[in-house]
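Trainee: Here's the letter readout for the chains.
Protein chains: 2
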Amino acid sequence: MNTNRELKALFYPRKIAVIGATNTPGRVGGIIFNSLKGSSIERIPVHPKEKEVQGVPAISSPELLPEEVDMAIITIGAENAVTAAEQCAARGVKIIVIVAGGFGEIGPEGKLLENRLKVLPGRYGTRILGPNSLGVFLPETGLDTIFVEHGDKSLAGGGGIAFITQSGSVGVESLGYASNIGFGMRAFVGLGNKCDLNESDFLRYFAEDEKTRCLAIYTENIDEGKAFLEEAGEVTRNKPVIVLKAGRSAAGEAAVSSHTGRLAGSDRVVGGAFRQYGIQRAIDDEELADAARVLSLIKPPLGNRIGVITGAGGYGVMCADYIEEPRRRAGLEMANFSGETSARLKEVNLPFASVHNPVDITASAGDEIYLQTLDALLDDPNTDIVICISFFAPPSITDNLIGKIARRVQEGRKPIVVFTQFGPFTDEYLKRFYRAGVPGYPSILRTVRAVRFLVERGEILRTQGELL
Amino acid sequence: MNTNRELKALFYPRKIAVIGATNTPGRVGGIIFNSLKGSSIERIPVHPKEKEVQGVPAISSPELLPEEVDMAIITIGAENAVTAAEQCAARGVKIIVIVAGGFGEIGPEGKLLENRLKVLPGRYGTRILGPNSLGVFLPETGLDTIFVEHGDKSLAGGGGIAFITQSGSVGVESLGYASNIGFGMRAFVGLGNKCDLNESDFLRYFAEDEKTRCLAIYTENIDEGKAFLEEAGEVTRNKPVIVLKAGRSAAGEAAVSSHTGRLAGSDRVVGGAFRQYGIQRAIDDEELADAARVLSLIKPPLGNRIGVITGAGGYGVMCADYIEEPRRRAGLEMANFSGETSARLKEVNLPFASVHNPVDITASAGDEIYLQTLDALLDDPNTDIVICISFFAPPSITDNLIGKIARRVQEGRKPIVVFTQFGPFTDEYLKRFYRAGVPGYPSILRTVRAVRFLVERGEILRTQGELL
Numbered sequence: 005m006n007t008n009r010e011l012k013a014l015f016y017p018r019k020i021a022v023i024g025a026t027n028t029p030g031r032v033g034g035i036i037f038n039s040l041k042g043s044s045i046e047r048i049p050v051h052p053k054e055k056e057v058q059g060v061p062a063i064s065s066p067e068l069l070p071e072e073v074d075m076a077i078i079t080i081g082a083e084n085a086v087t088a089a090e091q092c093a094a095r096g097v098k099i100i101v102i103v104a105g106g107f108g109e110i111g112p113e114g115k116l117l118e119n120r121l122k123v124l125p126g127r128y129g130t131r132i133l134g135p136n137s138l139g140v141f142l143p144e145t146g147l148d149t150i151f152v153e154h155g156d157k158s159l160a161g162g163g164g165i166a167f168i169t170q171s172g173s174v175g176v177e178s179l180g181y182a183s184n185i186g187f188g189m190r191a192f193v194g195l196g197n198k199c200d201l202n203e204s205d206f207l208r209y210f211a212e213d214e215k216t217r218c219l220a221i222y223t224e225n226i227d228e229g230k231a232f233l234e235e236a237g238e239v240t241r242n243k244p245v246i247v248l249k250a251g252r253s254a255a256g257e258a259a260v261s262s263h264t265g266r267l268a269g270s271d272r273v274v275g276g277a278f279r280q281y282g283i284q285r286a287i288d289d290e291e292l293a294d295a296a297r298v299l300s301l302i303k304p305p306l307g308n309r310i311g312v313i314t315g316a317g318g319y320g321v322m323c324a325d326y327i328e329e330p331r332r333r334a335g336l337e338m339a340n341f342s343g344e345t346s347a348r349l350k351e352v353n354l355p356f357a358s359v360h361n362p363v364d365i366t367a368s369a370g371d372e373i374y375l376q377t378l379d380a381l382l383d384d385p386n387t388d389i390v391i392c393i394s395f396f397a398p399p400s401i402t403d404n405l406i407g408k409i410a411r412r413v414q415e416g417r418k419p420i421v422v423f424t425q426f427g428p429f430t431d432e433y434l435k436r437f438y439r440a441g442v443p444g445y446p447s448i449l450r451t452v453r454a455v456r457f458l459v460e461r462g463e464i465l466r467t468q469g470e471l472l
Numbered sequence: 005m006n007t008n009r010e011l012k013a014l015f016y017p018r019k020i021a022v023i024g025a026t027n028t029p030g031r032v033g034g035i036i037f038n039s040l041k042g043s044s045i046e047r048i049p050v051h052p053k054e055k056e057v058q059g060v061p062a063i064s065s066p067e068l069l070p071e072e073v074d075m076a077i078i079t080i081g082a083e084n085a086v087t088a089a090e091q092c093a094a095r096g097v098k099i100i101v102i103v104a105g106g107f108g109e110i111g112p113e114g115k116l117l118e119n120r121l122k123v124l125p126g127r128y129g130t131r132i133l134g135p136n137s138l139g140v141f142l143p144e145t146g147l148d149t150i151f152v153e154h155g156d157k158s159l160a161g162g163g164g165i166a167f168i169t170q171s172g173s174v175g176v177e178s179l180g181y182a183s184n185i186g187f188g189m190r191a192f193v194g195l196g197n198k199c200d201l202n203e204s205d206f207l208r209y210f211a212e213d214e215k216t217r218c219l220a221i222y223t224e225n226i227d228e229g230k231a232f233l234e235e236a237g238e239v240t241r242n243k244p245v246i247v248l249k250a251g252r253s254a255a256g257e258a259a260v261s262s263h264t265g266r267l268a269g270s271d272r273v274v275g276g277a278f279r280q281y282g283i284q285r286a287i288d289d290e291e292l293a294d295a296a297r298v299l300s301l302i303k304p305p306l307g308n309r310i311g312v313i314t315g316a317g318g319y320g321v322m323c324a325d326y327i328e329e330p331r332r333r334a335g336l337e338m339a340n341f342s343g344e345t346s347a348r349l350k351e352v353n354l355p356f357a358s359v360h361n362p363v364d365i366t367a368s369a370g371d372e373i374y375l376q377t378l379d380a381l382l383d384d385p386n387t388d389i390v391i392c393i394s395f396f397a398p399p400s401i402t403d404n405l406i407g408k409i410a411r412r413v414q415e416g417r418k419p420i421v422v423f424t425q426f427g428p429f430t431d432e433y434l435k436r437f438y439r440a441g442v443p444g445y446p447s448i449l450r451t452v453r454a455v456r457f458l459v460e461r462g463e464i465l466r467t468q469g470e471l472l
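Sequences listed follow chains S and F, in order. Using the numbering used here, you'd call the opening residue of the first sequence number 5 and step up by one each time. Using the numbering used here, you'd call the opening residue of the second sequence number 5 and step up by one each time.
Honestly, I wouldn't trust all of these hints.
You can't tell identical chains apart in this list, so a pair holds if it fits in one copy or across any two.
[As the list claims (entries may be wrong)] Taking lysine to any residue and the SDA-like style, the derived pairs with C-alpha atoms no more than 25 angstroms apart in a straight line are:
no.: 1; residue 1: K157; residue 2: R436
no.: 2; residue 1: K157; residue 2: I401
no.: 3; residue 1: K350; residue 2: L233
no.: 4; residue 1: K408; residue 2: N225
no.: 5; residue 1: K53; residue 2: E10
no.: 6; residue 1: K53; residue 2: L233
Hint data in this document are derived by calculation from the structure and do not stem from the laboratory.
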């Protein structure tokens with residue numbers, strides 16, 4: 005099977021059947037059928053009784069589906085869903101997405117139903133996403149099968165991150181999070197119970213997808229562990245792969261088993277294997293999203309020496325504290341500026357500024373000093389990456405700073421990561437930075453953590469280079 | 005000197021002189037004079053040339069101040085500020101707040117100016133806040149001398165947290181943060197360079213202030229270290245004291261010296277001393293605010309055994325992972341429910357729910373199941389504190405849950421801490437929880453971290469009890 009070609013039908017279907025599409029408000033089938041309206045995809049509602057759904061003529065059974073249906077989304081309950089899936093597969097539907105839960109995750113009874121699904125790909129050549137899956141969301145085309153209420157999906161789109169999640173709730177919340185400060189989804193895939201398609205299949209797909217710059221995966225148990233690691237290891241030569249494998253603790257592992265009905269696998273083994281294969285590990289959903297943001301937006305630095313600019317002394321101090329904290333992930337160092345850089349910093353800064361690293365330009369400095377300081381650090385031979393602490397409260401700092409920092413990021417001299425906070429406007433400012441191509445975070449911890457991911461990515465690439 | 009009585013003049017002045025009050029837009033003196041309009045305090049503008057300021061008749065020099073001026077806010081530049089302070093002190097002004105920077109923090113020249121201020125308290129009995137201070141903000145009366153643009157201060161008020169900060173920027177950003185999700189300030193004090201009043205003075209004041217439930221302090225160098233520790237240790241018998249002492253790392257320490265012109269003090273010594281005296285330590289501004297929120301809102305638990313409720317399996321797993329992570333601060337354990345509790349959980353939950361800890365009620369559960377599960381955990385003899393993972397995306401979960409969880413917090417059976425996320429509505433939901441008296445956080449890390457502070461507070465109280 006050529007899974008990548010098959011997955012094209014999932015991401016770029018021309019004809020979609022929605023099994024369970026309905027006019028009854030609040031039902032999943034109706035919600036999904038309605039949200040597909042925005043795309044240019046032909047929709048076929050399937051409902052046993054309703055003659056037309058939301059103005060589109062309906063058919064009464066999957067058995068009556070026309071030929072060349074690329075995708076069927078089955079929105080009805082578990083038992084009926086299995087029958088419908090069998091009918092869709094027999095009609096030659098290429099991809100079936102099953103939304104309903106009530107399968108392997110609820111016990112032996114559900115497992116029996118799931119087993120009936122498992123035979124379909126071999127028998128008919130159809131592929132199945134789910135069951136218990138939120139389906140897919142592809143901002144590029146407006147394809148959207150996610151029926152749960154969450155953040156404004158339009159704000160989550162337009163980026164380079166392929167987000168693949170086993171858990172529906174983690175998926176939904178991440179989408180909501182994405183809409184807050186811009187997560188930049190290339191695509192969203194809810195794996196659900198993985199009775200057929202799993203993380204490895206999508207790994208392969210997004211590895212070859214040009215618009216994907218970074219893969220972020222949430223999983224509780226990895227199918228075909230060794231194969232996954234090897235494939236992911238291959239992908240990391242070209243694109244960062246970040247995996248959040250929940251169930252690190254004993255209690256977490258036990259929760260995974262009772263939640264998914266499978267074993268979580270020993271955490272230490274997982275951690276070691278990830279490192280070996282160049283897979284970057286996140287330990288919670290926020291970290292996964294934060295890492296994906298920075299890795300999808302900018303290139304890794306050549307080293308781990310950090311220069312910090314701040315107009316607020318206290319934040320410079322806290323930032324230095326985080327940078328020098330020993331961590332499992334990539335160790336960071338405060339850059340030791342060259343003599344020339346120090347002289348230049350003295351020249352452009354106010355007399356009472358502190359021109360050591362972290363450079364405290366003080367709250368009296370304006371855009372001009374900020375940018376001259378930034379340029380000095382970008383030129384400094386002992387600095388690999390710059391953290392810009394950007395507050396907009398000081399009177400001489402203007403919003404123009406955003407665009408000016410962004411221009412320097414686009415020039416690609418050195419990576420820049422921003423920490424900004426501005427009371428109720430924080431998210432808005434983070435979005436503005438993001439839209440300009442600059443990764444930004446609302447806390448020091450998250451900013452330095454993102455820098456660690458970026459430095460780690462650089463280390464992975466260098467290690468792989470040495471191995472070649 | 006009875007500092008506490010003197011500080012009454014700072015927080016409850018009847019007459020305030022604003023030196024440098026002006027009609028010129030954008031000037032600090034004009035901004036402060038204007039923001040004091042909202043209070044019932046009598047304002048006296050002092051300006052060498054302007055005859056009236058914002059409609060209030062002005063006097064031309066501090067030398068012409070009437071008697072019984074409680075407080076003078078000096079908004080003019082460093083050198084003139086010192087002269088004005090001398091004049092105010094000679095006129096018997098009780099408290100002088102000096103806003104301008106350009107003192108000890110800029111070098112020897114500034115230190116000389118600062119020395120002229122230092123003699124005034126001894127000579128005239130006046131007390132000085134600053135220089136380089138943002139002054140005070142007391143939501144109760146509308147007293148507000150903070151001139152820097154930031155979040156909506158009205159949203160930051162009405163709580164039990166006294167926030168004392170050496171750094172202006174950390175203060176401003178924390179106020180902004182407070183306005184996002186409700187930090188609940190009883191009072192805000194910007195210490196600045198501490199030429200007279202320092203953290204120990206305010207520690208004493210807020211220890212006796214009935215409306216203060218928790219003290220949060222940001223400092224880069226502690227004056228009178230031993231005395232501060234002893235006083236803070238005393239205060240912790242009645243109220244939690246959380247201190248963020250920046251400059252943990254070598255680079256951070258160096259930055260503190262060049263930022264404040266003083267030594268930061270060895271970090272390890274600081275950490276050990278804090279523990280000994282029952283002072284809780286935060287390592288960044290977000291952690292300080294998060295800890296203060298939970299400690300000001302609810303009582304600590306009797307132990308460290310955590311019960312977790314979730315409707316989203318993945319988040320339960322990640323939460324368990326964080327809980328079982330070993331940390332310097334209070335160790336946490338996942339509660340091992342009693343047989344009776346387990347039976348009760350089975351009875352109230354859906355058949356496919358997972359009733360081990362973390363309890364996964366599944367996305368199919370509604371308010372009723374959520375609350376019955378919560379009650380079972382609140383009654384469980386092996387559970388000390390409950391983390392409620394509250395998502396509002398599931399169709400059967402309604403906003404009523406907020407009030408119902410709040411009622412259980414008010415009943416005071418056991419502490420409850422909430423983790424909630426809801427895309428762009430997250431802050432709004434956190435605010436609603438906060439207004440109902442429930443501490444809530446937008447990430448698992450922050451939720452579990454807050455629980456650690458609460459458990460640590462319980463341990464401190466128990467240790468002190470044993471020592472008595």
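Trainee: Each hint should be assessed against the structure and marked as holding or not.
Mentor: Evaluated hints:
Proximity of K157 and R436 under a CA criterion of 25 angstroms is satisfied in both settings, with 17 angstroms inside one chain copy and 24 angstroms between copies. Within a single copy, K157 and I401 get their C-alpha atoms only as close as 32 angstroms, which misses the 25 angstroms cut-off; across copies the closest is 21 angstroms, which meets it. Proximity of K350 to L233 under the C-alpha cut-off of 25 angstroms is found in neither arrangement, the shortest distances being 50 angstroms within a copy and 38 angstroms between copies. In this homomeric assembly, K408 and N225 never come within 25 angstroms of each other (Cα to Cα): the closest approach is 44 angstroms inside a single copy and 35 angstroms across copies.
Taking the shortest alpha-carbon separations for K53 and E10, neither the intra-copy value of 32 angstroms nor the inter-copy value of 81 angstroms comes in at or below 25 angstroms. For a Cα distance limit of 25 angstroms, the shortest separation of K53 from L233 qualifies neither inside one copy, at 47 angstroms, nor across copies, at 76 angstroms.
Of the numbered hints given earlier, the model fails hints 3, 4, 5, 6; all others are met.
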